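Trainee: Protein sequences appear in the order of chains A and B.
Read left to right, the first sequence gives residues -16 to 271 (this note's numbering).
Read left to right, the second sequence gives residues 4 to 171 (this note's numbering).
It should be emphasised that the hints constitute simulated quantities derived from the structure, not laboratory data.
Nothing here was measured: the structure is a model prediction, and the numbers come from that model.
Beta carbons are placed, not taken as given, at the ideal position from N, Cα and C, and that holds for glycine.
Just so you know, not all the hints are guaranteed correct.
[Unchecked claim] In the SDA-like style, the derived pairs of lysine to any residue whose C-alpha atoms are separated by at most 20 Å in a straight line are:
1) A:LYS36 / B:VAL23
2) B:LYS99 / A:ASN196
3) B:LYS33 / A:ARG107
4) B:LYS35 / A:ARG40
5) B:LYS35 / B:PHE142
6) B:LYS35 / A:VAL38
[As the list claims (entries may be wrong)] If you anchor each label on the Cβ, the simulated ranges turn out as follows:
7) A:PHE53 / B:LEU128: 22 to 30 Å
8) B:LEU128 / A:VAL48: 28 to 36 Å
9) B:VAL109 / A:SER(-6): 29 to 37 Å
10) A:PRO227 / B:LEU128: 48 to 56 Å
11) A:PHE53 / B:PRO105: 34 to 42 Å
12) B:ALA19 / A:ARG174: 53 to 61 Å
13) A:LEU231 / B:PHE100: 47 to 55 Å
14) A:PRO227 / B:LEU117: 44 to 52 Å
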Amino acid sequence: MSRTVDTSKRSVWIALGVAMIIHTGLISFQASRRINTSFIRVWMVDSLAPVEKLVDRTLHGVTHVWENYFALVGLHRENEGLKAEVDELRMQLEKQHEDILESQRLRKLLSIQESGIGKTIVARVIGRDPARTNQTVTIDKGVSHGVKPDSAVMTPQGIVGRVIHSSNFFSIVQLVLDSQSGVGVMHQSTRRQGIVKGTGGQELELDYIDDDNDLKEGDVFITSGLDRIYPKGLPVGTISLIGPRRGLFKAVQVRPAADLGRLVEVICILDHPDAVDVIDPTQESPVP
Amino acid sequence: MRRISTFGIVGKFIVALITVVIFQGILSLKFKAFSYFDLPLICSVYYGFTMGRPIASVGIGSALGLMQDSLSGAILGTNGFSKTLIGFLAAVAGSKFNVDQPITRVFALFLFTLGDGLLVTILGLMVNPTSSTPFGGAFGGWLLSATLNTLLGLGLFGYYDRWSNATT
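Only chain A is shown next, with the shape it has when bound in the complex:
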């Protein structure tokens, strides 16, 4: 009996040891970059993201039906005297309104596509970071659509982030809010250059600006193009708060121009004149 218990205990420790060695190995391979582990992520994302996309689409469909039918059933009950024809017209109107909103959104995206910032593609956001350790989203475009690591991602309002991992049909986008994100920026009116860094929260932080004496709340920052990821001149954000000086620079908070909490469709910039050349599209991004 005691031998059985010992064997069982031993197998538990062996299982724990094996699992720990696998995870530690994965971490150390990525740290040393000696062995390319990106195929594991590509395989996992290609397997999981289609399910995520399916669930997202289903939820979208259910919401659409709910908003355009069941919500109207409630109204119908409250207004029993109204004719059925009125309900039907209202439903049609709601649907058309939704179509108009969608076409307005797509028209905005298309106008950006035609604005000469390079080759672009529109992608749908299908999921957000399930681990809370990073500020990332999953989009439904990958290497097969031309999206590769370090492709810039934006909305008509401003930049969103950059692609850090691409599988065949999906990509992971690091938002500018991520604590490891940095963007080369330029003050729109004075043309002074600096770097805007993510804080992991809702705001960005301005750093390394040439002269911060005449900055004021509401000032707009655009991309400088010096990071060779984002094309020059895209909106980044506006100053929301200027705090006391910390060391060489003032503590300056910047509110992102794009609404990063409500991303539905985004534009991936596949190619622009200042872009960094990526040798292998399936390679993990150098700085995740």
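Please arrange chain B on chain A, whose structure you already have, making use of the hints.
Mentor: Just chain B now, with coordinates in the frame of chain A:
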């Protein structure tokens, strides 16, 4: 026949684990506040407590963590390492303590969430020490996450308990 039932059980587990990770990603996208919850962690702790099989708990934690890492863009293995350890510790706790008591569950969920945040951050910093997140800010996030996870976990555990009692 036994093999078919084993495959069925394993298949159900795989579907459940994928569902948990996918729903965490989608709910975080739809409701921003949901990013403070960690369904995979709650799932690891629950299976650790209730299954009474440490090897399976280790496997479940490991799979959940690896899926989270893949979809989050984090360094592969950080959440895997953390969730494996949590699955194992939950299984050990399940065999040593009375984990049916709400107070034990509250302590366990709170401490496991804090431990998970700390371990993932340390592992992330070991690989990429350029992270600029202030430690104080991160700790505030962990505390909020631990509180919310505890509340959600208690609710879900109670629901699963009632459901499993009704079906057995």
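Trainee: Next step is simple, just say for each hint if it's right about the structure.
Mentor: Now for the hints, and whether the structure bears them out:
1. A:LYS36 / B:VAL23: holds (15 Å)
2. B:LYS99 / A:ASN196: Cα-Cα ~62 Å, so violated.
3. B:LYS33 / A:ARG107: Satisfied, since the Cα-Cα distance of roughly 13 Å is no more than 20 Å.
4. B:LYS35 / A:ARG40: holds (19 Å)
5. B:LYS35 / B:PHE142: holds (19 Å)
6. B:LYS35 / A:VAL38: With a Cα-Cα distance of about 18 Å, the restraint between LYS35 of chain B and VAL38 of chain A holds, given a limit of 20 Å.
7. A:PHE53 / B:LEU128: 22 to 30 Å: violated (48 Å)
8. B:LEU128 / A:VAL48: 28 to 36 Å: violated (46 Å)
9. B:VAL109 / A:SER(-6): 29 to 37 Å: holds (31 Å)
10. A:PRO227 / B:LEU128: 48 to 56 Å: Since the Cβ atoms of PRO227 of chain A and LEU128 of chain B sit about 28 Å apart, the hinted range of 48 to 56 Å is violated.
11. A:PHE53 / B:PRO105: 34 to 42 Å: Cβ of PHE53 of chain A to Cβ of PRO105 of chain B: about 37 Å, so the range 34 to 42 Å holds.
12. B:ALA19 / A:ARG174: 53 to 61 Å: Holds, since ALA19 of chain B and ARG174 of chain A (Cβ atoms, about 55 Å apart) stay within the stated range.
13. A:LEU231 / B:PHE100: 47 to 55 Å: Holds: the Cβ-Cβ distance is about 53 Å, inside 47 to 55 Å.
14. A:PRO227 / B:LEU117: 44 to 52 Å: 32 Å Cβ-Cβ, so the 44 to 52 Å window is violated.
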